[in-house]
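Visitor: As a plain string of letters, each chain reads:
2 protein chains.
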Amino acid sequence: MNKEELNRINKNVVKIIKQDREFLIEKMAGDFEVQKKTSRRDLVTSLDKLNQKKLKEELSEVLEANFLVEEGDAANNPVSTSGLIWVIDPIDGTLNFVKQRDNFAVMIALYEDGEPLLGYIIDVVQNILIAGGPDIGVTLNGKELQQPENVSLVNGLVGLSGPMLAHNMFNFVSIQEASLGVRVIGSAGIEFMRVLLGKQVAYVSNLHPWDFAAGRALAIALDLMTTNLDGKAPNMLKSSVVLVATKKAHADILDLMD
Amino acid sequence: MNKEELNRINKNVVKIIKQDREFLIEKMAGDFEVQKKTSRRDLVTSLDKLNQKKLKEELSEVLEANFLVEEGDAANNPVSTSGLIWVIDPIDGTLNFVKQRDNFAVMIALYEDGEPLLGYIIDVVQNILIAGGPDIGVTLNGKELQQPENVSLVNGLVGLSGPMLAHNMFNFVSIQEASLGVRVIGSAGIEFMRVLLGKQVAYVSNLHPWDFAAGRALAIALDLMTTNLDGKAPNMLKSSVVLVATKKAHADILDLMD
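For the protein sequence lines, the chains are A and B, in the order given.
In terms of UniProt numbering, the first sequence opens at residue 1 and continues consecutively.
In terms of UniProt numbering, the second sequence opens at residue 1 and continues consecutively.
Here chain A stands alone, though its shape is the one from the complex (with noise of 0.2 angstroms):
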């Protein structure tokens, strides 16, 4: 896709996840349903259906293609990354979302044939936008975001999961021992951002494709690392322990591993 038509779509993406925002808060200070999926943990509100939805049809006016979607009947989602998908994450966080009213996200991605050509997170009480993509560069709310220091894990902070830390699951208190200090934030797309920013050097956990799309999009634009534990990329269509992390983290990290 050349850069005139990324830009067009970038601007309406960023118009339209600016707005959603508005929209969530809004939204949040009144009623809605909360219901679980997987487990007692993984939850689901009226809010998340209600949001995808409207991101869908928002999105479907700026370019046409398949959707990767978080809430729904799985079966409807792509079994193959060729040609344009967007993928959604109406709330990222939803935990969070439901406890704390805060913490939390919405993300979309743009992929081609598998490659992410955009990416959007936004932390809807903060009110913080990182957007943008390979070929266009990032911004942070408006303005160019440069990409972070590459610091290594043991001069900086590392997010990890609360039960894969618990649980010691592939060697991960070893990350702990050998990072700054571990953080545990509760959404992959507030996880993301931090990396993103510099605030912390890598993040590691189980993630469902819509968690990772965006962050990923951002991350290959800052010449961050998003690979699986093994240093691929990570499969599209499927979950898989994903970690980000400036290239040292990286090798630190898949050093650990091991």
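I should point out that these hints are in silico values taken from the structure, not numbers from a laboratory.
Careful, some of the hints might be misleading.
Which copy? The list can't say, so a pair holds if one copy fits it or any two copies do.
As the list claims (entries may be wrong) - Calculated cross-link-like contacts (lysine-lysine; reagent style BS3-like; alpha-carbon spacing at most 27 angstroms):
1. Lys248 with Lys36
2. Lys18 with Lys199
3. Lys37 with Lys199
4. Lys36 with Lys199
5. Lys36 with Lys15
6. Lys247 with Lys11
7. Lys49 with Lys199
8. Lys15 with Lys247
9. Lys247 with Lys54
10. Lys143 with Lys49
11. Lys56 with Lys199
12. Lys232 with Lys37
13. Lys11 with Lys54
14. Lys11 with Lys37
15. Lys53 with Lys232
16. Lys3 with Lys248
17. Lys248 with Lys37
18. Lys199 with Lys143
Since we're looking at a predicted model, the values are computed, not measured.
With chain A held as given, fit chain B onto it using these hints.
Guide: For chain B alone, kept in the frame of chain A given last:
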């Protein structure tokens, strides 16, 4: 101390801590020195020290009292809880301050004969101030703050120390399992705030007196529990594992610690 005097002190401390926030926001944009204290994770900056000195001078003018402070010669801290004591943490979450320029707090408390009179926690970057005490009530940015709902552990998020979770100290993994999820923020002040605001049902960590003094004053005023893991009030002159929680989550966690 009578209510009139408490209100006079409160008014002055609110003014001091709000101005102090502006001072830190300005100062953190410039250069400052970072030094290690007890370990590579335990940092102090020239700003911690400068800010402590500033706060001591300002609080002395409001009320003459002893000082129990984070930075400086521990030998100068009081050896008895009798009389009036100002407790100051000039920058709580110094690692976050250094690495994130976010997620840190200033905390001030006033104790008399070991009992909390007043407490103040300000989230510097988000500009959120919780202020007050058992006799005068609690405000959130100047508006009355109601006590949070008495939610049990199974229905809430809980803040834990990352290393203590990683090493399953005091059976922390069982707290993770029983709760809806763990969060690790890296600042006792911000964690206390989350409990005071009902965003988390509990927070447990190994804390110094200046880490919990303000939070405990505010927690008591909001009908929350702040104790050691044996259910007793923490010693104001020593470090210990401190739990702040709703009454239900407090009972749930003490049960798990048996």
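Visitor: Would you mind marking each hint as holding or not holding in the structure?
Guide: Checked hints:
When the C-alpha separation of lysine 248 and lysine 36 is checked against a cutoff of 27 angstroms, the pair qualifies only between copies, where the shortest distance is 23 angstroms, while the shortest distance within a copy is 39 angstroms. In this homomeric assembly, lysine 18 and lysine 199 come within 27 angstroms of each other (Cα to Cα) both inside a single copy, at 23 angstroms, and across copies, at 25 angstroms. In the homo-oligomer, the alpha carbons of lysine 37 and lysine 199 lie at most 27 angstroms apart only across protomers (22 angstroms), although the nearest pairing inside one protomer, at 32 angstroms, exceeds that limit. In this homomeric assembly, lysine 36 and lysine 199 come within 27 angstroms of each other (Cα to Cα) only across copies, at 19 angstroms, whereas the closest approach inside a single copy is 32 angstroms.
Proximity of lysine 36 to lysine 15 under the C-alpha cut-off of 27 angstroms is found in neither arrangement, the shortest distances being 32 angstroms within a copy and 45 angstroms between copies. In the homo-oligomer, the alpha carbons of lysine 247 and lysine 11 never lie at most 27 angstroms apart, since the shortest distance is 30 angstroms inside one protomer and 50 angstroms across protomers. In the homo-oligomer, the alpha carbons of lysine 49 and lysine 199 lie at most 27 angstroms apart only across protomers (23 angstroms), although the nearest pairing inside one protomer, at 31 angstroms, exceeds that limit. Taking CA atoms no more than 27 angstroms apart as the test, lysine 15 paired with lysine 247 passes in neither setting, with 32 angstroms inside one copy and 45 angstroms between copies.
Taking the closest pair of Cα atoms, lysine 247 and lysine 54 never come within 27 angstroms of each other, the shortest separation being 37 angstroms inside a single copy and 41 angstroms across copies. In this assembly of identical chains, lysine 143 and lysine 49 lie within 27 angstroms of each other by CA distance neither inside one copy nor across copies; the values are 31 angstroms within and 34 angstroms between. Taking CA atoms no more than 27 angstroms apart as the test, lysine 56 paired with lysine 199 passes in neither setting, with 32 angstroms inside one copy and 31 angstroms between copies. For a Cα distance limit of 27 angstroms, the shortest separation of lysine 232 from lysine 37 qualifies neither inside one copy, at 30 angstroms, nor across copies, at 39 angstroms.
For a Cα distance limit of 27 angstroms, the shortest separation of lysine 11 from lysine 54 inside one copy, 18 angstroms, qualifies, whereas the shortest one across copies, 47 angstroms, does not. In the homo-oligomer, the alpha carbons of lysine 11 and lysine 37 never lie at most 27 angstroms apart, since the shortest distance is 34 angstroms inside one protomer and 48 angstroms across protomers. In this homomeric assembly, lysine 53 and lysine 232 never come within 27 angstroms of each other (Cα to Cα): the closest approach is 33 angstroms inside a single copy and 51 angstroms across copies. Within a single copy, lysine 3 and lysine 248 get their C-alpha atoms no closer than 30 angstroms, and across copies no closer than 56 angstroms, so neither meets the 27 angstroms cut-off.
Taking the closest pair of Cα atoms, lysine 248 and lysine 37 come within 27 angstroms of each other only across two copies (26 angstroms); inside a single copy the shortest separation is 37 angstroms, beyond that limit. Within a single copy, lysine 199 and lysine 143 get their C-alpha atoms as close as 18 angstroms, which meets the 27 angstroms cut-off; across copies the closest is 32 angstroms, which misses it.
Violated hints, in rising order: 5, 6, 8, 9, 10, 11, 12, 14, 15 and 16; the structure is consistent with all others.
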